[in-house]
Amino acid sequence: MSWAGPDNFPSTSLADNLDKKLLVVLRDGRKLIGVLRSFDQFANLVLQNASERIIVGDLFCDLPLGLYIIRGENVVLLGELDPLKEELPLSMVRVKAAEIKQAQKAEQDATELKGTMRKRMEFLDLD
Amino acid sequence: MLFFSYFKELVGKEVTVELKNDLAITGILHSVDQYLNIKLENTRVVDETKYPHMLSVKNCFIRGSVVRYVQLPPDGVDVEILHDATRREARGS
Numbered sequence: 001m002s003w004a005g006p007d008n009f010p011s012t013s014l015a016d017n018l019d020k021k022l023l024v025v026l027r028d029g030r031k032l033i034g035v036l037r038s039f040d041q042f043a044n045l046v047l048q049n050a051s052e053r054i055i056v057g058d059l060f061c062d063l064p065l066g067l068y069i070i071r072g073e074n075v076v077l078l079g080e081l082d083p084l085k086e087e088l089p090l091s092m093v094r095v096k097a098a099e100i101k102q103a104q105k106a107e108q109d110a111t112e113l114k115g116t117m118r119k120r121m122e123f124l125d126l127d
Numbered sequence: 001m002l003f004f005s006y007f008k009e010l011v012g013k014e015v016t017v018e019l020k021n022d023l024a025i026t027g028i029l030h031s032v033d034q035y036l037n038i039k040l041e042n043t044r045v046v047d048e049t050k051y052p053h054m055l056s057v058k059n060c061f062i063r064g065s066v067v068r069y070v071q072l073p074p075d076g077v078d079v080e081i082l083h084d085a086t087r088r089e090a091r092g093s
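Residue numbers (the UniProt record's numbering), protein chains in the order written: chain U, 1 to 127; chain E, 1 to 93.
Hints in this document: simulated from the structure, not taken from any laboratory. A virtual CB, placed ideally from N, CA and C, is assigned to each residue, including glycine. Possibly wrong hints are sitting among the right ones.
Unchecked claim - Calculated cross-link-like contacts (lysine to any residue; reagent style SDA-like; alpha-carbon spacing at most 20 Å):
1. K31/U to K8/E
2. K101/U to L65/U
3. K50/E to K20/U
4. K50/E to P89/U
5. K50/E to Q108/U
6. K20/U to S56/E
7. K20/E to N74/U
8. K50/E to I33/U
9. K50/E to R53/U
10. K8/E to N74/U
11. K50/E to A110/U
12. K85/U to E41/E
13. K50/E to T111/U
Stated by the list, open to error - These stretches of chain E come out as covered by chain U in the derived footprint (C-beta under 8 Å, 3 or more residues):
14. 8–19
15. 36–50
16. 59–67
This is chain U alone, in the form it adopts within the complex (with noise of 0.2 Å):
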C-alpha cells in the first residue's frame, strides 16, 4: 500500500495498526469495533473480537459479531481509539439489543414518516 522514497516519508501502512483495538466506519454507515489483525492493500481487514456499536441517540449497544473479514470497498474510515479517553460521551446509556432495536426502529419510521409527508408537500408545489 505505500513504499518508503528517499527521503523516509512516513507511511500510509495499516502496520501501524495491528492488533490494536480500532473502529471501522463503513459505507452503510455502521460502525465496528474490533482488534486489528490483518490488511492489505485494498483495505480488506481482519477484524477480531468485532462487535457493532449502534447508537441511537443518547442510546447505545455493543452487539458482538466474532472474527470478521471486511471487504475493503466498504470501508471509510479506520480510526485508532485512545485507550486513555473516553470513547463516547458520558451522557450515554448503554441499552440492552432488544431496547436499541426497538429504538432504531423508532428512529427509522420518524424518518420514513418525514420522508412521506414531504413528497406530499412539494407535489402541492407552495414554493
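Starting from the known structure of chain U, fit chain E onto it as the hints suggest.
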C-alpha cells in the same frame, strides 16, 4: 502521480478532509499514498455532537475512495509550482 506528490508536500500541515458520507475531519496530514489514502493525526471531527462514536479517535486512516474534498490552509498552495507541474503532466500524457 501529481496529486500524490502534491499531498506529500503538505505532510505536517493541518487539513480538513470531507468525506462522501458528509463526515468532516480536521487533523495533521501524517501521510498519503498512491491511492490517495490519507492518514491524519490529532484528529477532531468538525460536527462532534453528531458523531459521538468518533470522540476518542485521535488518529485515523481514511480510504482514498471515500474522500470528497481535502480543505487546505490558504498558504499551503504555491499556485505557480502547481501550474508548472500540471503543464508538465499534461504534456507527458
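Hint by hint, here is what the structure shows:
no., hint, verdict
1, K31/U to K8/E, "violated, 30 Å"
2, K101/U to L65/U, "holds, 16 Å"
3, K50/E to K20/U, "violated, 25 Å"
4, K50/E to P89/U, "holds, 11 Å"
5, K50/E to Q108/U, "holds, 17 Å"
6, K20/U to S56/E, "holds, 14 Å"
7, K20/E to N74/U, "holds, 12 Å"
8, K50/E to I33/U, "holds, 19 Å"
9, K50/E to R53/U, "holds, 15 Å"
10, K8/E to N74/U, "violated, 26 Å"
11, K50/E to A110/U, "holds, 18 Å"
12, K85/U to E41/E, "holds, 15 Å"
13, K50/E to T111/U, "holds, 16 Å"
14, 8–19, "holds (count 3)"
15, 36–50, "holds (count 4)"
16, 59–67, "holds (count 7)"
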